[in-house]
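Chemist: Here's the letter readout for the chains.
2 protein chains.
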Amino acid sequence: MSVGENIPRVDAWEKVAGRAKYTDDLVDRNALIGKIRHSTIANGIVKKFDLSEAEKIKGVVKIITCFDVPDICFPTAGHPWSTDPAHQDPTDRKLLNTRVRFYGDDIAAVIAVDEVAASRASRAIRVEYEEYPVVLSPEESMKEGVPLLHEGFPNNILKHTTLEDGNFEEAIKEEGLIKIEGVYETPIVQHCHIETAVSWAYMESGRIVVVSSTQIPHIIRRIVGQALGIPWGDVRIIKPYIGGGFGNKQDALYEPLNAYLTKIVGGRPVKLELSREEVFFGTRVRHSEKIYLESWVRPNGRLVARSYKAYSNQGAYGSHGHGIAAKGTNVFRQLYRDEKARKVDIYTVYTNTAVAGAMRGYGTPQAVFAVESHMEDIARKLNLDPLDIRFLNVMPVGFTDPFTRNVNYFDSFRQCVDKAKAYIKWDEKREQYKNQSGPLRRGVGMSLFWYNTAVWPISIEVSSCRMVLNQDGSIQVALAETEIGQGADTVFTQMAAETLGIPWRKVHIISTQDTDLTPFGTGAYGSRQTYVGGAAVSKVALLLKEKILRAAAVYTRMPMENLDIVDGGIVLKTHDNRFLTSLEELAIDTLYHTEHAQHITAESTAQVKTNAYSFGCAFAEVEVDIPLGKIKLINLVNCHDCGRLINPKIAQGQVHGGMSMAIGFGMYEQFIYDPKTGKLLNGNLLDYKLPTILDHPHLEAEFVENWEPTNPYGTKALGEPPTVPGAAAIRNAVLHATGVGINRIPLTPHALFAEFKAAGLI
Amino acid sequence: MSVGENIPRVDAWEKVAGRAKYTDDLVDRNALIGKIRHSTIANGIVKKFDLSEAEKIKGVVKIITCFDVPDICFPTAGHPWSTDPAHQDPTDRKLLNTRVRFYGDDIAAVIAVDEVAASRASRAIRVEYEEYPVVLSPEESMKEGVPLLHEGFPNNILKHTTLEDGNFEEAIKEEGLIKIEGVYETPIVQHCHIETAVSWAYMESGRIVVVSSTQIPHIIRRIVGQALGIPWGDVRIIKPYIGGGFGNKQDALYEPLNAYLTKIVGGRPVKLELSREEVFFGTRVRHSEKIYLESWVRPNGRLVARSYKAYSNQGAYGSHGHGIAAKGTNVFRQLYRDEKARKVDIYTVYTNTAVAGAMRGYGTPQAVFAVESHMEDIARKLNLDPLDIRFLNVMPVGFTDPFTRNVNYFDSFRQCVDKAKAYIKWDEKREQYKNQSGPLRRGVGMSLFWYNTAVWPISIEVSSCRMVLNQDGSIQVALAETEIGQGADTVFTQMAAETLGIPWRKVHIISTQDTDLTPFGTGAYGSRQTYVGGAAVSKVALLLKEKILRAAAVYTRMPMENLDIVDGGIVLKTHDNRFLTSLEELAIDTLYHTEHAQHITAESTAQVKTNAYSFGCAFAEVEVDIPLGKIKLINLVNCHDCGRLINPKIAQGQVHGGMSMAIGFGMYEQFIYDPKTGKLLNGNLLDYKLPTILDHPHLEAEFVENWEPTNPYGTKALGEPPTVPGAAAIRNAVLHATGVGINRIPLTPHALFAEFKAAGLI
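Which chain is which? The protein sequence lines are G and C, in order. Just so we're aligned: 300 in the working numbering is position 300 of the first sequence, and the numbers increase by one with no gaps anywhere. Just so we're aligned: 755 in the working numbering is position 755 of the second sequence, and the numbers increase by one with no gaps anywhere.
A hint or two may mislead.
The list cannot tell twin chains apart, which means a pair is met if one copy fits it or any two copies do.
Below, a list of computed lysine-lysine pairs in the DSSO-like style, where the Cα atoms sit at most 30 Å apart [as the list claims (entries may be wrong)]:
{"#": "1", "residue 1": "Lys21", "residue 2": "Lys263"}
{"#": "2", "residue 1": "Lys263", "residue 2": "Lys632"}
{"#": "3", "residue 1": "Lys547", "residue 2": "Lys340"}
{"#": "4", "residue 1": "Lys15", "residue 2": "Lys62"}
{"#": "5", "residue 1": "Lys263", "residue 2": "Lys58"}
{"#": "6", "residue 1": "Lys425", "residue 2": "Lys649"}
{"#": "7", "residue 1": "Lys630", "residue 2": "Lys757"}
{"#": "8", "residue 1": "Lys609", "residue 2": "Lys547"}
Calculated from the structure, these hints are not laboratory results.
Using the sequences and the hints, build the whole thing.
Modeler: Here it is in structure tokens:
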């Protein structure tokens, strides 16, 4: 038994001792330095460059501009490739762009012998632009007459979809229905991983190697091939330890450009490391969404029909595009079951803001904020208990989704709510905080959430794994699913140990992915590592075990059917697991056998054609200082059903991190743009208010362990879910405390002050 | 067809552009520097150290001595492990040694922050010894009363074996036999690879990683585990490009010590790079041998019985030990067939010289020098043609060796001799140089040679390979057989391309071996790369092809039996190879298929239980300046039957390099020791006379291509054979020119002067 234990993280020693190697630790001593020249307008066209001053700077090796790069538009989103064009991501970006689409767009690049020369030269490039007006919001960008950001996308709409279940117009004709409306807005926020985007590239034997801090090495290989117009096999991506990604590194950020930079200097190594400021304005962000909800409800709270209309701000380039808005609608459609009908109308729209891509939660934090704020508003309007109305409408046990064929096997919602409710003393506090007055008021609020594990059936889900038996009975495990700080390497270690019947310390996980060597897999996203990667580990461990037992049968002369591996030893399972020989002895005999020497390894691909619901809730308690417009978060508890916990401590850590992100999303973080120039005004860690440990109460992570039947280890998504419900729970707690429901996050003092004033509290 | 073509070396670009990464190019920026303190006596015991001065030097991190290291004796020879103790190598060495056995033995080590501090501290260590008399030759070392170098080895004999085929004493009773005797001596020489021994080591997650310039990464892993007494799986060896090895790096040189050094500083990286001088006195050398031959011959030249007695100088430690002398006796026993009997009596003896290990030829250059010089002496004594007497006695076509079950399938000797003879105009020159006088005289000489491919059945022969199909129809090939400059990566590329039916440019060979990732194989030695590695490439390519064709059958709906891969396309072999689809299209469909996604890879182990004779000859023409004692080598031609040539140009390169080594062995190189102190006097590239391009005539490499039936590509050994016959051919040419047969190489002016004087020529 290794699964379920709190074994220490397998990378703990390296990381604590500072020995773990990250991309920048490995840079070739002789690497040249690349620097990107960013546009200083947000919308327009580069007319021409004057490079004369820049070229004079000592140490400059090469300067390229948007007029030099290949005329290839490529996709950047980190999705598995699809041979079906309808499932491919937008291809709307070149390595450097003449058509400038946001303030900070990439228009030229300098390669120099050091950081100083590269930076100086980048600054010394003179640019002439033709400027267009700046548009920062979808609704504005969709207006007639606004300049188009990308050809072929009228009204700057990247994609628009509608959907109707049942007949909405018929449904709302039912007598006695109450119509409740709300508009909910979420901000542009960023991942704020510790390690900025960094890569370095070189050529070997005519092929391009990029060492990069990425979540998705095999996908990056494909995108670099596409962006440069070269065979994918001519690209090699190596991913060392990375200092966080949270979805930003589930995108090809600068690997294609870096690959191109090394190519144009004949394969000399070139490093491309972004500053924090460049990461802010120039990488990816969470889509800001404006969501219009309209609900038709019976007085007892039963939802009869609802409509969901959303505008998702794509920013300047397609990246993950419409997928985020689409996943949001699944929250709307699946979390609660309308009795008769519901309809969806969603737009993903190009604007001149930062490019929106994948970020932990992938559209669900926005949608859950809207849906769960709205649910609270309905409960309040109908004077119903917020839990009662939720359980009246929530997805029932036994529900099967016709598209994903997901089944809601367990009463997870009720079990999670019961746990979290008890922890926060919900009933007691709902009562206690009923009639408050004065400047300081307390409240409790909650939110459910819905999440789907991994990406099937939208995209394929495959993961390959390779295992090797060593002469000491230890094994190496390699797969392309990536450790990005979340603990994936540790849980894979535990899974392999459990299935093989060996101590976890005998499992050596290969943390570095290298597309030349690592079996194919698509990487870290969609909370898929334990679920899909786990399926690969299980499949290959069983294959390896079979090979080991076959060799053991030869060695021990016992029938293979009677043998098993327990605690690293070959045992007779028919005779109380009597010990026969050690794996070490067997491995050495097999590898060096003069008659039948064999290197015991196993490799295979697991394709997962299931998905799994991963539900839960958050409960928050706040104290609001009304005159100051300040919220003090007193208590926050998340309760998750993510199936069986592989490593409870690491699971807790995941939840803590997600809760912290939810606090930032709900209370602190937002991109602020200059409306005239489109320049990001707070794109650094001083002005962008990331919450710190001082802004956090104790974060309580609780679990309900319902063994997920679609996974060999009984596990399902936990990576992203923790970040989903917090913002709505806090907003609803503020509503409970003050009677004011604020529909736009973050709940900053500015926002609260305005709202409280409008509500007459100040 | 890729095999047989002169494709450019796949590593040519990297090496020509200076981009290829060698061990030292990859050293961690923060690596500490290790320096070994060597003994300044050749025989004795370390009594004590005074480290006080050394420890005071700024930058010193740690000093360890022979009193600190684990009390573990380990083997260093790069052989596959054997579970049979009788087949294991001598275990007679510790990481640092209290019992000093040669001048320069490792007695302490310093770890410091830089080269200067490490060197200064190493010099500042004061040592007190107890000294014993120095013994430099086997016959001296075997004498009674000489101090024993290793416990348990009386008379310093590491191993002594005798062998008799037939009844020698009976055989020599035949009437009319002529007895001919000779004593032949070969020097201690060294490999002189360009890159010295270098490694660096660090720890990750409790395991030790050693990056090393080695021929045998998987074997080094095992030896490091043994030397430190830790599980073998806790060791990881990475082998980048290497600048030559020639057998010196078929030994664990300093990887075990380097692993220990990083361990005692808590896993901080430590680099251990040897100077050229340290390589000379402290790594490995070719065994010097003294061989006594006694032949009983009929007047027509037919060998009736022979005896072979040899003393092989092992130097201070066991390393490859008796295997070298033993392989030499195979030359004696197999090259010529005595009609009645032969006997062998060989000793491998410890002395206080440098440790003798593997060097290109592995005992055969010594034995061929003796046997072929002796054959020439017999011909001369009996007044027979040197070719006639050889063909009268040489191993006949159809001969089968009962031990190896090798078969001499072809008339290779005759074919090779015919080619070489024609090139050098043998008959014409034998005539022309018959009656010379004066100071300048010319002569021609020749030598046959015998060589066995790889090491079966002495040791196991296994090689594993893994191949991966990429989305562009290219493949990666990984195996543990190592590119050491010989061109292995290129021929593996050609083999894989041929078996798979794809262009060679679509094959990406993984040049770096990493024991965590690379399929098991034992590395570069015994001229086994193409023969054993090729078997693995063929086996795995066929497995991969089968998987590809199975997928192609699904994709094209054609029966698998009708399909083939030609030039990277799936074709209908039943219909003139009509093109159906590209491998690229098939690979993408298969990898991203929503129903049956599959990462097509193949991996397996090939065990080779055959061996193959790899024969040939060398012919030399010299001009001897008698008064000056100088030989001018005018012509040298080698002709080899190494089976089918995979890459004729690379094969030529191998032969040229080997011929150059033979010239050095025959004419220039030798270790010269101070007889009193045992100190090496010429251990540097200035005083050790390595021949240069100026000392070489045109080197003519010719081939006879008899398709070897035991190998899937029809190939057999070529790595070592070229270095084997040259010395005897030169010696015999000098004999032809001057009438003086010199039995001790190298044929330096000193030696020639003395011999010519004794012969009355001067």
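Chemist: List, from low to high, the hint numbers that the structure doesn't satisfy.
Modeler: 2, 3
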